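J.: All chains, full assembly: derive it from the sequences and hints.
There are 2 protein chains.
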Amino acid sequence: MAKQKRGRRSFAFDTPPRIAAWASVAGKKESEGPLQGYFDYTNTDTYFGEPSWEKAECRMQQLALETLLEKAGKTPKDVDMVFSGDLLNQCISSSFALRNTGLPALGLYGACSTMAESLLLASLTVGGGFADRVVAMTSSHFAASERQYRYPLGYGGQRTPTAQWTVTGSGAALVSISGQGPVITAATVGTIEDLGIADANNMGAAMAPAAFETIRAHLDDLKAAPEDFDLIVTGDLGKVGSEILLDQFQKSGVNLGGRHRDCGTMVFDLEGQDVHAGGSGCGCSAIVLCGYLLDGLVKKKYRRILFCGTGALLSPTSSQQGESIPGVCHAVSISAEREG
Amino acid sequence: MAKQKRGRRSFAFDTPPRIAAWASVAGKKESEGPLQGYFDYTNTDTYFGEPSWEKAECRMQQLALETLLEKAGKTPKDVDMVFSGDLLNQCISSSFALRNTGLPALGLYGACSTMAESLLLASLTVGGGFADRVVAMTSSHFAASERQYRYPLGYGGQRTPTAQWTVTGSGAALVSISGQGPVITAATVGTIEDLGIADANNMGAAMAPAAFETIRAHLDDLKAAPEDFDLIVTGDLGKVGSEILLDQFQKSGVNLGGRHRDCGTMVFDLEGQDVHAGGSGCGCSAIVLCGYLLDGLVKKKYRRILFCGTGALLSPTSSQQGESIPGVCHAVSISAEREG
Chain H
0 MAKQKRGRRS FAFDTPPRIA AWASVAGKKE SEGPLQGYFD YTNTDTYFGE
50 PSWEKAECRM QQLALETLLE KAGKTPKDVD MVFSGDLLNQ CISSSFALRN
100 TGLPALGLYG ACSTMAESLL LASLTVGGGF ADRVVAMTSS HFAASERQYR
150 YPLGYGGQRT PTAQWTVTGS GAALVSISGQ GPVITAATVG TIEDLGIADA
200 NNMGAAMAPA AFETIRAHLD DLKAAPEDFD LIVTGDLGKV GSEILLDQFQ
250 KSGVNLGGRH RDCGTMVFDL EGQDVHAGGS GCGCSAIVLC GYLLDGLVKK
300 KYRRILFCGT GALLSPTSSQ QGESIPGVCH AVSISAEREG
Chain A
0 MAKQKRGRRS FAFDTPPRIA AWASVAGKKE SEGPLQGYFD YTNTDTYFGE
50 PSWEKAECRM QQLALETLLE KAGKTPKDVD MVFSGDLLNQ CISSSFALRN
100 TGLPALGLYG ACSTMAESLL LASLTVGGGF ADRVVAMTSS HFAASERQYR
150 YPLGYGGQRT PTAQWTVTGS GAALVSISGQ GPVITAATVG TIEDLGIADA
200 NNMGAAMAPA AFETIRAHLD DLKAAPEDFD LIVTGDLGKV GSEILLDQFQ
250 KSGVNLGGRH RDCGTMVFDL EGQDVHAGGS GCGCSAIVLC GYLLDGLVKK
300 KYRRILFCGT GALLSPTSSQ QGESIPGVCH AVSISAEREG
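Chain order of the listed sequences is H and A.
The first sequence stops at residue 339 when you use numbering that gives the first Met the number 0, and every number in between is there.
The second sequence stops at residue 339 when you use numbering that gives the first Met the number 0, and every number in between is there.
Source of the hints: derived by calculation from the structure; they are not laboratory data.
This one's a predicted model, so the numbers in the text were calculated from it and none came from an experiment.
Some hints here could point you the wrong way.
Which copy is meant is left open, so a pair is good if it fits within one copy or across any two.
[Said to hold, decoys possible] With a straight-line cut-off of 30 Å between C-alpha atoms, the simulated DSBU-like cross-links for lysine-lysine are:
1. Lys222 <-> Lys76
2. Lys70 <-> Lys2
3. Lys28 <-> Lys298
4. Lys250 <-> Lys28
5. Lys238 <-> Lys70
6. Lys27 <-> Lys299
7. Lys250 <-> Lys76
8. Lys222 <-> Lys73
9. Lys298 <-> Lys238
10. Lys27 <-> Lys238
11. Lys298 <-> Lys27
12. Lys27 <-> Lys250
13. Lys27 <-> Lys76
T.: And the structure:
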């Protein structure tokens, strides 16, 4: 059996890589929410100085990358590879952000699970001895997402109570073979679960079964218990999806003991900011991780967290053709210090 | 420095993984072309029995995966992970093909470079000791692509001479820690190059600089020469892009010595099948690799090939907003036998 493999879909690193630096870029609404003060760069202009929202999202990734390298004291030449992806058709924010930078680039599509997926693959690349420093990065933009997935903003469509609000933000992390910073000890790759939810305004419910399946597999494969983590953080299940996840765990006899949090309910004030079921989008878990959570690990507020990015793998075309919504969740275990 | 790293963006495997099995699914036009007889499954129905072209593409991936496992004598439970992606918005062919299969899934977006990108990442996962058997898979569908990227087929739009024809097909490969089959010895991750080509009907020209850059880096990093390969195969530069690539090499003083071939010009009869500059799409290099090339390695027709997937990272939105077309190319070195 492969040597760093644990169970079928999980692995633990012989030499766990470090998250040597991280950076977050956030929009206006995000910088007015409960996590204000945790972001490296904020802008009240939804265009970030660009002529379109799509180009604004690309600009956010560029800003996240620039800030990351500055914080790490590195130049682009010090980076061996970048894993990135986003929600826009053909992942244009990610590709255009990296063009002509000379940065070796591997594109991902994991919908809103991209921060976890990119972190997992960056860890695997460094932990497998293939690279010294790899960037994991993603973004989303409320206005660009709305017009691509739902309605043009000017149409003024009504939002349902289960709808979530796409975060305008970008997060980037530098996974490194050496240096200081939180440690990635293990990870679990998600399976694609679809229990038949077809309401594109209730993506939390569509993603909850995938989150349950991945967290359960991680605990089983790594012989871990919920008590081993200070936090088990899902990406963007929001209020509705989080309730379903907790219900599934209760029914399965595993007690999360109040350790569960969700980036979608952390990033906004659900009552005060009129976001209905919470935040969503690749940027949601990205800015909560690269803003708030990694900071909490450094300050020893948290000793170990399980970061579980969740993604709804639908497209407007699949929904128009009557399909339900598959979900996926990838999990990465991050500790404040090297263990064992 | 990381131990399997060679140069900044290339790596060579300490224990090179095998391609233990492969499978290809092709449409009508492809099965009438020069590579007829090399595909495992062909169908003259462009719908593959499904109600839409998008669902047909998804069905092709399912067929490729089923055929792959059958040829390998494996079940889905024997597979640790799948890397896959496609051209449809939000990569729905890949996600829907894997839903509720229990297969751990990592989604990619590399446009038409996806076969090489998925093979590279599968090799890295197996070669790094994280998995025993990993599937690399992708697909494209002419009719689904046309209506998403260009015009509805019924519109009867005129094609320009530099335009390429999206291949209807799917390819899948099983990268394994053990067993028989061709060996993946090394790989190079691509950078995103954009020299300003903005004509979405001339994607070969847009991708050629990325192919040049990656092949050059592979040769430099691995201290290899063109003579070390029987073939240097690009993904889908087509006739126009291939000429530009050869021109770039000639100008740089490196003689490819007639070793270059392009999957886009191999898969169709350019004159007889009215495809203008050649084939394209994720399925193009996928079915040429998983149909013709791997067969050639097994039969010792080729001793070693450099498989270079090429991708044009545009979207209709980026083109409408006046952007040029970034290209990317990932390279994987495949040998008939274990070396050294």
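J.: Are the hints correct? Go through all of them and say.
T.: Hint check:
Within a single copy, Lys222 and Lys76 get their C-alpha atoms only as close as 39 Å, which misses the 30 Å cut-off; across copies the closest is 20 Å, which meets it. Taking identical chains as interchangeable, the C-alpha atoms of Lys70 and Lys2 lie at most 30 Å apart only when they sit on different chains, with a minimum of 26 Å there against 34 Å within one chain. Proximity of Lys28 and Lys298 under a CA criterion of 30 Å is satisfied intra-copy only: 26 Å inside one chain copy versus 61 Å between copies. For a Cα distance limit of 30 Å, the shortest separation of Lys250 from Lys28 qualifies neither inside one copy, at 36 Å, nor across copies, at 52 Å.
Taking CA atoms no more than 30 Å apart as the test, Lys238 paired with Lys70 passes in neither setting, with 34 Å inside one copy and 45 Å between copies. In this assembly of identical chains, Lys27 and Lys299 lie within 30 Å of each other by CA distance solely inside one copy; the values are 29 Å within and 61 Å between copies. Proximity of Lys250 to Lys76 under the C-alpha cut-off of 30 Å is restricted to the inter-copy arrangement: shortest distance 26 Å between copies versus 50 Å within a copy. When the C-alpha separation of Lys222 and Lys73 is checked against a cutoff of 30 Å, the pair qualifies only between copies, where the shortest distance is 27 Å, while the shortest distance within a copy is 37 Å.
Only within a single protomer do Lys298 and Lys238 lie at most 30 Å apart by alpha-carbon distance; the minimum there is 28 Å, versus 58 Å between protomers. Taking CA atoms no more than 30 Å apart as the test, Lys27 paired with Lys238 passes inside one copy only; the shortest distance there is 22 Å, against 48 Å between copies. For the identical chains of this complex, Lys298 and Lys27 are intra-copy neighbours only, at 26 Å inside a copy versus 61 Å across copies, given an alpha-carbon limit of 30 Å. Proximity of Lys27 and Lys250 under a CA criterion of 30 Å is satisfied in neither setting, with 39 Å inside one chain copy and 50 Å between copies.
Taking the closest pair of Cα atoms, Lys27 and Lys76 never come within 30 Å of each other, the shortest separation being 32 Å inside a single copy and 46 Å across copies.
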